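Engineer: Now for the letters of each chain:
2 protein chains.
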Amino acid sequence: ARPKVGYFYTGKTSLSFISEKIQQIKVADRKSLPVVIDEETSIYDGIVTLFLEDVSSIFVTSKGCLVGVVSRKDFLKNAIGGLNLSKTPIGVIMTRMPNVIVTTPDESILDAAMKLIEHEIDSLPVVEEITLEDGSLAYKVVGRITKTTITRLFVELGNDG
Amino acid sequence: ARPKVGYFYTGKTSLSFISEKIQQIKVADRKSLPVVIDEETSIYDGIVTLFLEDVSSIFVTSKGCLVGVVSRKDFLKNAIGGLNLSKTPIGVIMTRMPNVIVTTPDESILDAAMKLIEHEIDSLPVVEEITLEDGSLAYKVVGRITKTTITRLFVELGNDG
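From first to last, the protein sequence lines stand for chains A and B.
FYI, in the numbering used here the residues of the first sequence are 1 to 161.
FYI, in the numbering used here the residues of the second sequence are 1001 to 1161.
In short, the hints are calculated from the structure, not lab data.
Owing to the predicted nature of the structure, the values given are computational and were not obtained by experimental measurement.
Keep in mind that a hint or two might mislead.
[As the list claims (entries may be wrong)] Covered stretches of chain B (in silico footprint by chain A; criterion: 3 or more residues with CB under 8 Å from a CB of chain A, positions within the stretch not fixed):
| # | stretch |
| --- | --- |
| 1 | 1017-1028 |
| 2 | 1043-1053 |
| 3 | 1076-1083 |
| 4 | 1104-1117 |
| 5 | 1150-1160 |
[Unchecked claim] The calculated label-pair distances, taken between Cβ atoms and stated as ranges, are:
| # | chain 1 | residue 1 | chain 2 | residue 2 | range |
| --- | --- | --- | --- | --- | --- |
| 6 | B | T1088 | A | L83 | 33 to 39 Å |
| 7 | A | G82 | B | I1130 | 41 to 47 Å |
| 8 | A | D106 | B | E1120 | 28 to 34 Å |
| 9 | A | G82 | B | I1117 | 18 to 24 Å |
| 10 | A | D29 | B | N1099 | 30 to 36 Å |
| 11 | A | D54 | B | G1135 | 39 to 45 Å |
| 12 | A | H119 | B | N1099 | 47 to 53 Å |
| 13 | B | T1095 | A | D106 | 39 to 45 Å |
| 14 | A | I101 | B | K1087 | 24 to 30 Å |
| 15 | A | V92 | B | E1120 | 27 to 33 Å |
| 16 | A | L132 | B | T1088 | 45 to 51 Å |
Every residue gets a Cβ at the ideal spot worked out from N, C-alpha and C, and that includes glycine.
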């Protein structure tokens, strides 16, 4: 049957419109700039960076490749733990690869949001795989997806239409 | 015109389905349990509560009524600031009423999410207004809405349908 003007056949509930629309959005469309520091940086300087950039997590690199993540929670735990914050490198307290949960530009934003919920984390580094000179694989950090990213998208979807 | 079976007239884009659906959801449908401490509690005990309950903000009350909010960020700032954490009450470092942004059970979750984004905060106390014996108004804390609440809802909408 030829659809009439002004009508369209849906065969769908309004909910399936929502999930379809959401599933089309990619991490690449929504990622924000990552905040990255070297693993030799002191914990104290890491905390200063956290406040200056106003982020909840910092990505840690060595020779430009992702080696870990430090969250506001990690910093707070160690700030009251008696460590010398100015002399201890951030590498000591970070969550280290391969235990870092990551996302990629071509992943759907829904899958990224599910990782945030499932792993109870605030932030995901967006990475691209690169091959090092010795043939091993490593990650370059190209962005950041957080619960703020998702909340902002939710607000846009709710106000659209 | 009479709609045909299997077709329905929408006059809407699929985006307006999304915003309509989102706008129907109330704070009351989604709020989680609040974590509340008295303003005389020490900062140190506040930090311990934050970790035990695994939340990013704590609501502060006096005689059962909301007087302030302390976030993980407030704790971190003061943890490295040289205060005596065990002897300083949390009331000293909290964001104090009337500067606390709140939501109510009958507000839409979309409006609550917009407050999180606009005020750059992680968490909103859900409050009910009560009248004190002297006739003044105060807030009782009945719940909590966070960016995690919104991210979880986003994941449900994306997987529904």
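Engineer: Run every hint past the structure and note whether it holds.
Structural biologist: Hint-by-hint comparison with the structure:
With a cut-off of 8 Å between beta carbons, the stretch 1017-1028 of chain B has 7 residues touching chain A; three or more are needed, and the interface restraint holds. Judged by the Cβ-Cβ criterion of 8 Å, the stretch 1043-1053 of chain B is covered by chain A as claimed, because 4 of its residues qualify and three suffice. For the stretch 1076-1083 of chain B, the stated coverage by chain A holds: 4 residues have a C-beta nearer than 8 Å to a C-beta of that chain, and at least 3 were required. Counting residues of the stretch 1104-1117 of chain B whose beta-carbon sits less than 8 Å from any beta-carbon of chain A gives 5, enough to reach three: the coverage restraint holds.
Three residues within the 8 Å Cβ limit are the bar, and the stretch 1150-1160 of chain B against chain A gives 10, so the coverage statement holds. Between T1088(B) and L83(A), the C-beta spacing of about 21 Å breaks the proposed range 33 to 39 Å. At roughly 43 Å, the beta carbons of G82(A) and I1130(B) sit within the given window of 41 to 47 Å. The hinted window of 28 to 34 Å between D106(A) and E1120(B) holds, with their beta carbons roughly 29 Å apart.
At about 37 Å, the CB distance of G82(A) to I1117(B) disagrees with the hint of 18 to 24 Å. Roughly 35 Å separates the CB atoms of D29(A) and N1099(B), a value that falls within the hinted 30 to 36 Å. Distance hint check: the CB atoms of D54(A) and G1135(B) are about 41 Å apart, consistent with the given range 39 to 45 Å. Taking 47 to 53 Å as the suggested C-beta distance range, the pair H119(A) and N1099(B) does not conform, at roughly 33 Å.
Under the hint 39 to 45 Å, the C-beta atoms of T1095(B) and D106(A), about 40 Å apart, fit the expected range. The supplied range of 24 to 30 Å is broken by I101(A) and K1087(B), whose beta-carbon atoms lie about 39 Å from each other. One distance hint, 27 to 33 Å for the beta-carbon pair V92(A) and E1120(B), holds here, with the actual separation near 30 Å. The given range of 45 to 51 Å is respected by L132(A) and T1088(B), whose C-beta atoms sit roughly 49 Å from each other.
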